[in-house]
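2 protein chains.
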Amino acid sequence: MKLNILGCYSATPRTFTNPTSQVLEIKNHLFLIDCGEGTQVQLRKHKIKFNRIKHIFISHLHGDHFFGLVGLISTFRLLGREADLHIHAPKGLKEVIVLQMKLAQSWTNYNLYFHELTSTSSELIFEDEKVEVHTIPLDHRIYTNGFLFKEKIGERKLDMNAVLNEDIDVAYYRKLKQGADVPNKKGEIVKNQTVTLPAPQPKSYAFCSDTAYNEALVPIIKNATALYHESTFLEKHAKLAAPTKHSTAVQAATIAKLANVEQLILGHYSTRYDNLQDFKTEAQTIFNNVELAEDGKVFEF
Amino acid sequence: MKLNILGCYSATPRTFTNPTSQVLEIKNHLFLIDCGEGTQVQLRKHKIKFNRIKHIFISHLHGDHFFGLVGLISTFRLLGREADLHIHAPKGLKEVIVLQMKLAQSWTNYNLYFHELTSTSSELIFEDEKVEVHTIPLDHRIYTNGFLFKEKIGERKLDMNAVLNEDIDVAYYRKLKQGADVPNKKGEIVKNQTVTLPAPQPKSYAFCSDTAYNEALVPIIKNATALYHESTFLEKHAKLAAPTKHSTAVQAATIAKLANVEQLILGHYSTRYDNLQDFKTEAQTIFNNVELAEDGKVFEF
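The listed protein sequences correspond, in order, to chains A and B. Read in full-length UniProt numbering, the first sequence has 6 at position 6, and its numbers run on one by one without any break. Read in full-length UniProt numbering, the second sequence has 78 at position 78, and its numbers run on one by one without any break.
No lab work stands behind these hints, which were simulated from the structure alone. This one's a predicted model, so the numbers in the text were calculated from it and none came from an experiment. Beta carbons: idealized from backbone N, C-alpha and C, even for Gly. Be aware that one or more of the hints could be misleading.
To be verified - DMTMM-like cross-link-like pairs, simulated, lysine to aspartate or glutamate; straight-line CA separation at most 20 Å:
(1) A:102 - B:95
(2) A:45 - B:95
(3) B:102 - A:116
(4) B:45 - A:295
Unchecked claim - Listing some non-contacts, in silico: residues in chain A with all C-beta distances to chain B over 10 Å:
(5) 2
(6) 28
(7) 162
(8) 180
(9) 187
(10) 192
(11) 200
(12) 240
(13) 298
Using the sequences plus the hints, can you model the full thing?
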């Protein structure tokens, strides 16, 4: 899994910082998560083959999370895109996009599907053989979801010494990987667990922006490989967090600890701060494995 | 008059080029003309005091001319703007902006006025003591206006030698500048033209993007000090101009010549071209005083 941070600052764009957008590479998918103004330029700057994006996930309809979407949709048209594009977003976004297309008399020459989100419970919104995506209901000023991207459990690994020892025909290897008991060449049934090893632990990535401190998301993101959690404020502005429905670095770290994630990535910094290091320092008073998102940074897990 | 080019390329944003946006400084106004995606970042990069913008003029509702507007409106709110903001734009834009505000539950804390344009004839859309703004109906795929920014004719200048010679009381100087005949100290009426000089020729700037070759705009922009005219294509792609309702550099120069403008500024280049110099070379076969717009360039006239 590879996470490309295109933008990780809160609302006000500045000269050198970008509003929220990320690309997650997982099992041959390129998932775009949020799409603030200027995202298409960030995609180009970071040389992401953005025509490969087939699914876009929008957390909520504050401008710093979606104002770049209509431009990206238009650019796909200008570049002659033919592949379907799926947009998973709160109800209302379709109306915004369609109205602008109508006024410009510019319809896409590819299929554009809107999957409008309205549920306030976590739901499965995308699934294929290798990946699942679930919503993570967040607590913000308007209807907002985070997203949990999960690899599905893979195939068991063959313990080749044991397999050869048992003298199992190669034709059964596929079934062994799928967990079945199979016969050996003598016709005796071999218990699967005696000749295979468990599948590698599937990885998962949880994106949680924007949200107030909210322990309700802990069970949904439990044991995630990586958690991106917003940390708009430092402790000295902690009083602003509750009324604006944002979090502090310490609150993000508390969620990370309660959910027992492996790694916490902080982002969505208020543009009032110049020194990001303080976010890490404050979070590490609660949870050790903290990284700072920065525009252009890439995480692999 | 000072013209700041923020972006001057056609539709597809690339890493280092920006879609259409300009700021015209005229008689203490900062007028924003078109507002493609990323305009607010360009305003910051070029250190334009964008809180001073009170009037925004949008030519048409293709995304490369207005996708940056909703973000700018939001940023004004975040920065605590209090001054009124007037948006002069084709009918439909108000609906787009209001819908997005409604979804975000984010209303401006300043007055936002939409002046919706629907006329296909040139009309006066803004006027104060020193400036007029008129629409320039253009011929594009959707309803489109250029804009003519005109200084009003100023006051006559006193010919101080003649004024002192005629022994006119200082109390009458203001009337003289306004063109009136006034008495001298002996009570004799002095003809205005014998003691004043004509006001300086008022300057004007015509913005014409996007449009097919269209001689109907010649009388509207006649004798303009500067004309920005789109030149999407070079001669080798001249066949694309008519169906897409754009112009070539040669067509832009022909309009400049017919309208007898002082200076032609080319822009709205298709992003297929790397060498802008060819636009100038081709235009200069028709009209001599040609300049190339470039992102970040400033023109003074």
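Structure-based check of each hint:
1. Distance check on the hinted pair: residue 102 of chain A and residue 95 of chain B sit about 12 Å apart at the alpha-carbon level, within 20 Å; holds.
2. With a CA separation close to 33 Å, the supplied pair residue 45 of chain A and residue 95 of chain B exceeds the 20 Å bound.
3. With a CA separation close to 17 Å, the supplied pair residue 102 of chain B and residue 116 of chain A stays within the 20 Å bound.
4. Among the hinted pairs, residue 45 of chain B with residue 295 of chain A is consistent with the structure: their alpha-carbon atoms are about 18 Å apart, no more than 20 Å.
5. With a minimum CB-CB distance of about 21 Å to chain B, residue 2 of chain A clears the 10 Å threshold, and the non-interface call stands.
6. Look at residue 28 of chain A: its CB is around 26 Å from the nearest CB on chain B, clear of 10 Å, so calling it non-interface holds up.
7. Once the 10 Å rule is applied to beta carbons, residue 162 of chain A is consistent with being away from chain B; the minimum gap is 54 Å.
8. Here residue 180 of chain A stays apart from chain B, with its beta-carbon at least about 51 Å from theirs, past the 10 Å limit.
9. Residue placement check: residue 187 of chain A keeps its beta carbon more than 10 Å from all beta carbons of chain B (closest about 65 Å).
10. Against chain B, the non-interface label of residue 192 of chain A holds: every CB pair exceeds 10 Å, the least being about 52 Å.
11. Consistency note on residue 200 of chain A: stated as away from chain B, and its beta-carbon is indeed over 10 Å from all of that chain's, at 38 Å minimum.
12. With a cut of 10 Å on Cβ distances, residue 240 of chain A stays outside the contact zone with chain B, its closest approach being about 14 Å.
13. The beta carbon of residue 298 of chain A sits about 18 Å from the closest Cβ of chain B, which is more than 10 Å, so the claim that it is off the interface holds.
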